[in-house]
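Visitor: Listed here are the chains, written in short residue letters.
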Amino acid sequence: MDKTAKRTKRDIILIIVVIILFGGIFFAYRALAYKDDATRAFVYYGNVAEPIVTIDFVRGKVTVHRTQDTDGDIVYPYVDDDAMTVTLLGDYEVSGIRQIVVIAYDFTARSVQVVRESSPNNICSREGVSTGKPLICLPNRIRVEFDTSDADFIV
Amino acid sequence: MSETRKMILLANFLAIAIVLNIIESAIPIIPVPGAKLGFANIVTLIVLYVYGFRSASTLTLMRVLLVSLLTGKFLSPTFYLSLSGAVFALLAMGLFKKLDFFSMLGVSVIGSILHAIGQIAAAIIVLETPAVVAYLPLMLLVSVPAGVMTGLIGRKFHSVWGIWNGNTSTA
Chain B
14 MDKTAKRTKR DIILIIVVII LFGGIFFAYR ALAYKDDATR AFVYYGNVAE PIVTIDFVRG
74 KVTVHRTQDT DGDIVYPYVD DDAMTVTLLG DYEVSGIRQI VVIAYDFTAR SVQVVRESSP
134 NNICSREGVS TGKPLICLPN RIRVEFDTSD ADFIV
Chain D
33 MSETRKMILL ANFLAIAIVL NIIESAIPII PVPGAKLGFA NIVTLIVLYV YGFRSASTLT
93 LMRVLLVSLL TGKFLSPTFY LSLSGAVFAL LAMGLFKKLD FFSMLGVSVI GSILHAIGQI
153 AAAIIVLETP AVVAYLPLML LVSVPAGVMT GLIGRKFHSV WGIWNGNTST A
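Quick note, the sequences are listed as chains B and D, same order. So in the numbering used here, spot 112 of the first sequence is number 125, and the numbers just go up one at a time. So in the numbering used here, spot 85 of the second sequence is number 117, and the numbers just go up one at a time.
Since the hints were derived computationally from the structure, they do not count as laboratory data. In this text the structure is predicted, and so the values were computed from the model without any measurement. A couple of the hints might just be wrong.
What the hints assert, rightly or not - BS3-like mimics (lysine-lysine), calculated; alpha carbons at most 27 angstroms apart, straight line:
#  : chain 1 : residue 1 : chain 2 : residue 2
1  : B       : Lys19     : D       : Lys38
2  : D       : Lys130    : D       : Lys38
3  : D       : Lys130    : B       : Lys16
4  : B       : Lys16     : D       : Lys188
5  : D       : Lys38     : B       : Lys22
6  : B       : Lys19     : D       : Lys188
7  : D       : Lys188    : D       : Lys130
8  : D       : Lys38     : D       : Lys188
9  : D       : Lys130    : B       : Lys22
10 : B       : Lys146    : B       : Lys74
Stated by the list, open to error - Examples of chain B residues lying across from chain D (beta carbon under 10 angstroms, computed):
#  : residue
11 : Thr17
12 : Arg23
13 : Ile38
14 : Ile87
15 : Arg154
What the hints assert, rightly or not - Not close to chain B: a few residues of chain D, all C-beta gaps over 12 angstroms, as computed:
#  : residue
16 : Ile40
17 : Ala47
18 : Val82
19 : Phe85
20 : Ser87
21 : Leu98
22 : Leu115
23 : Phe134
24 : Ala148
25 : Val164
26 : Leu170
Here a beta-carbon is modelled for each residue, glycine too, at the ideal position from N, C-alpha and C.
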C-alpha cells in the first residue's frame, strides 16, 4: 500500500515536471521561431531537396525552378500573378486523378497560405496564413518553408 | 480454459483498439498530418499490465497493421507515423513498467510522450525534412494531458479488472 502511494507521488511529480518543461519549450519556441521577417518562402515537392518554387517577398518575384506535369495548356506549377497564387499538382488522388494544391502569397505581409488542397483532413489548408511556420501537406507531399536570411538583399 | 479466455479477451481488446484508432484519426487536433494523440494506447497499456509485454506488442503491431489496411493507408506516410509512434510508446511503457518506478499513470505519460517523439521521428524520415520538428513542442505539450487521460482510464480499468478477475476465478 505504501509502495503504491510512493509511486503515485512520483507520477504526480513526473507530470508536473514534464508539463512545466514542455510548456516552457512550447512558449520559448513560439516566441523565438516565428518572427514576421521572412524574406523568401520555398515550396518543396516530393523528396527533392531543391525547392520547386521560390517566392521572394523582398523582390516581389515568384520563380518556378522545375515543372511537374502538363495538363493541356496548363503547365504545373502554375503561377497566377493577378490572383497571387501558385498552383501545383499534389500527390493525393481522387479516383486516380491527382489533385491540385493552391498556395496564395502576399508580398507585403510576407505570408503564404494554402488556400485549396485535397486531403483526408485538410490539415495544411486549415493552418491558415503563415509568416514563418512551415506548412506541410503530407498526403500531397508538398511543403512550404520560410527563409529569414538576408543574404540576397543588401541594403 | 484460461488460454481460451485470454485469446478471446485479446481479440476483443484488439477490436477496441482498432475502433479507438480509427476514431482518433478522424479528430485532427494536432496540426501534423497523420499524427495522433494515442488514445489507442489505452488498450496497449491495459494489455501490458494484464497480460504482459509480449501480448501487448503483438496486439499493438496487429492494430497498426489492421487499421492501415482498413483505412487503405498501408505503407503510406500515415502508416509509418503510426507504426513508429506505437513502437516507441510500447517500448517505453514496457521498460518503465519493468523498472517499477512509476505507477500506471506515470508509465502512460511516458508512453504518450514517446508516442509523440516517435511520430515526429518517422515524419522527419518519411518527409525527408527536419522542418517537422517545428511541431514537436506543441505535440509534446498535448501528449502530457493525453497520457494522463490514458493512464487514468487504464488505472480505473485495471482496478475493476482485478475485482472481476478475482470474482470469476472463485466462482
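Visitor: Hint by hint, say whether it matches the structure.
Guide: Status of each hint after checking the structure:
1. Restraint check: the Cα-Cα separation between Lys19 of chain B and Lys38 of chain D comes to about 31 angstroms, which exceeds 27 angstroms; the hinted pair is violated.
2. Under the criterion of a C-alpha separation no larger than 27 angstroms, the hint pairing Lys130 of chain D with Lys38 of chain D is consistent with the structure, at around 22 angstroms.
3. With a CA separation close to 15 angstroms, the supplied pair Lys130 of chain D and Lys16 of chain B stays within the 27 angstroms bound.
4. In summary, the hint linking Lys16 of chain B to Lys188 of chain D is supported, as the alpha carbons are separated by about 18 angstroms, within the 27 angstroms threshold.
5. Proximity of Lys38 of chain D to Lys22 of chain B is assessed by CA-CA distance (about 32 angstroms); at most 27 angstroms being required, the pair is judged violated.
6. For the suggested pair Lys19 of chain B and Lys188 of chain D, the alpha carbons sit about 18 angstroms apart, so the restraint of at most 27 angstroms is met.
7. Only pairs whose Cα atoms come within 27 angstroms are accepted, and Lys188 of chain D paired with Lys130 of chain D is accepted, the gap being roughly 20 angstroms.
8. Using a Cα cut-off of 27 angstroms, the hinted pair Lys38 of chain D and Lys188 of chain D holds, with the two alpha carbons roughly 20 angstroms apart.
9. Of the pairs offered as hints, the one joining Lys130 of chain D and Lys22 of chain B holds, with about 18 angstroms between alpha carbons and a cut-off of 27 angstroms not exceeded.
10. Note on Lys146 of chain B and Lys74 of chain B: the hinted pairing holds, with a Cα-Cα distance of about 21 angstroms set against a maximum of 27 angstroms.
11. Against a cut-off of 10 angstroms between C-beta atoms, the interface hint on Thr17 of chain B holds, since the closest Cβ of chain D lies about 7 angstroms away.
12. Hint status for Arg23 of chain B: holds, given a least beta-carbon distance of 5 angstroms to chain D, under 10 angstroms.
13. With a least beta-carbon distance of about 5 angstroms to chain D, the hint placing Ile38 of chain B at the interface is held under the 10 angstroms criterion.
14. With 10 angstroms as the threshold, the beta carbon of Ile87 of chain B stays out of range of chain D, its nearest partner Cβ sitting at about 26 angstroms, so the hint is violated.
15. Evaluation of the Arg154 of chain B hint against chain D yields a held restraint, the C-beta minimum of about 8 angstroms falling below 10 angstroms.
16. The beta carbon of Ile40 of chain D sits about 30 angstroms from the closest Cβ of chain B, which is more than 12 angstroms, so the claim that it is off the interface holds.
17. Residue-level check passed: Ala47 of chain D sits 23 angstroms from the nearest beta carbon of chain B, beyond 12 angstroms.
18. Residue-level check passed: Val82 of chain D sits 17 angstroms from the nearest beta carbon of chain B, beyond 12 angstroms.
19. Distance to chain B confirms Phe85 of chain D as a non-interface residue, since its nearest Cβ pair spans about 19 angstroms, more than 12 angstroms.
20. No Cβ of chain B approaches the Cβ of Ser87 of chain D within 12 angstroms, the least distance being about 23 angstroms, so the stated non-interface status holds.
21. Look at Leu98 of chain D: its CB is around 18 angstroms from the nearest CB on chain B, clear of 12 angstroms, so calling it non-interface holds up.
22. Remark: the non-interface label on Leu115 of chain D is consistent with the geometry, its nearest Cβ contact in chain B lying 15 angstroms away (cut-off 12 angstroms).
23. Here Phe134 of chain D does not stay apart from chain B, with its beta-carbon only about 5 angstroms from theirs, under the 12 angstroms limit.
24. The claim that Ala148 of chain D lies off the interface is violated: its Cβ sits roughly 10 angstroms from the closest Cβ of chain B, which falls inside the 12 angstroms cut-off.
25. Against the 12 angstroms criterion, Val164 of chain D falls within the reach of chain B, whose nearest CB is about 7 angstroms from its own CB.
26. Not every CB of chain B lies more than 12 angstroms from the CB of Leu170 of chain D, the least distance being 6 angstroms, so the non-interface label is violated.
In terms of the numbered hints stated before, the structure departs from hints 1, 5, 14, 23, 24, 25, 26, listed from lowest to highest.
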